[in-house]
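S.K.: Sequences listed follow chains A and B, in order.
When you number the first sequence by our numbering, it's gap-free, plus one each residue, and the end is 114.
When you number the second sequence by our numbering, it's gap-free, plus one each residue, and the end is 224.
Derived from the structure by calculation, the hints contain no laboratory data.
For each residue, glycine too, the CB sits at the ideal point set by N, CA and C.
Don't take each hint at face value.
Facing chain B, according to a computed beta carbon distance under 10 Å, are these residues of chain A, among others [as the list claims (entries may be wrong)]:
#: 1; residue: Arg44
#: 2; residue: Gln50
#: 3; residue: Trp110
Chain by chain, the residues:
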Amino acid sequence: DGGITQSPKYLFRKEGQNVTLSCEQNLNHDAMYWYRQDPGQGLRLIYYSQIVNDFQKGDIAEGYSVSREKKESFPLTVTSAQKNPTAFYLCASSISAGPGNTIYFGEGSWLTVV
Amino acid sequence: GQQLNQSPQSMFIQEGEDVSMNCTSSSIFNTWLWYKQDPGEGPVLLIALYKAGELTSNGRLTAQFGITRKDSFLNISASIPSDVGIYFCAGTNTGNQFYFGTGTSLTVIP
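For reference, chain B alone in the conformation it holds in the complex (with noise of 0.2 Å):
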């Protein structure tokens, strides 16, 4: 099935600073998703996206569904040592059928 391109793979960055990350598909999505796997557990969902252009904030997160329906934007500000792992995005224009990114991993230093 189609994977989507999300980029950056990895990011190291101080304590306090804000993150960037994206995702793009090469079809239209009606759903972006964002989500946070920690080491050995199950991906816990961030944020929900159904109509393009929204954004939608989620504490410190704030996510984007682009407005051409093939991509998202995940913007975590002001982090902190909790927000370690990887991130990763799905896509969904039938809703039984997802495709996920292959994930970001971040690394905060403090």
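Pulled out of the complex, with its shape left as it was, chain A reads as follows (with noise of 0.2 Å):
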């Protein structure tokens, strides 16, 4: 089956740990995102990476770091840096930049801090 696999579905941390969700996609594509879904708000940009070691900061990256040293892993971890980390998050992917391109998504992990 292709596509993207996000892990876990659902995480609880507690105040002060970082954690680590997964993302893993079989579609080979070059570009991968991550993005942060809050109740009735749009999709914020935290972090993409266009190319294996190489990523940039979204509209929200604070709290947030990622590594790509996998073209089809692109892990998220949330930092005790984070302030609010209570959200659905949603990993995407596209095949390359340029015109055309379409974004597609995993089924997204649920992060709530206890």
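Each chain sits in its own coordinate frame; assemble them with the hints.
M.R.: Take a look at the structure:
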């Protein structure tokens, strides 16, 4: 099955802990993205990567970190510096930059701070 | 980043009715995308549009790329209960930065 796999689906974090959300794609896409979705709000870009070993900050990168060591993997770490991390996180990918590009999403991960 | 203006915010319709929603941008796009998102799930791509004036259908769904390249429209004909969900648009002019609407919440009353 081709697609984008996020894990875990549900994650609980204690105050002061770092947690890592996994994102794997087998679509052979060059670009990968992480978005945060809060109730009643649109998607906000956290980080994106257009190529292995390179990534760029999005609009709300503070308190988050990423790595892109392999083309198919783009894990997101939510650090203790992120003051309000409870949200729905979406990983996405696209073939590459350029006209006619299309972005596809994973099934999402719920993170709750307890 | 830029957020697209999507309207209406919510719709309550009777089963069998047609639905129309639209999305506008302050800048020109070369790609418009429409997604459906069920609660607690990731968005699923419904229709992709790559050319100004393009009209594309996917079953009961039809979407159009506005000729100004600053807007797009999605129509659902003969709605059914499983159409319930949040529909949102996305656009890009570079292919590596996507902008999203805030969504239209659709409720279908049987």
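S.K.: Work down the list of hints and note, for each, if the structure agrees.
M.R.: Hints, verified against the model:
1. Arg44: holds, 8 Å
2. Gln50: holds, 6 Å
3. Trp110: Holds, about 7 Å.
Violation of the numbered hints given earlier is absent; every hint is satisfied by the structure.
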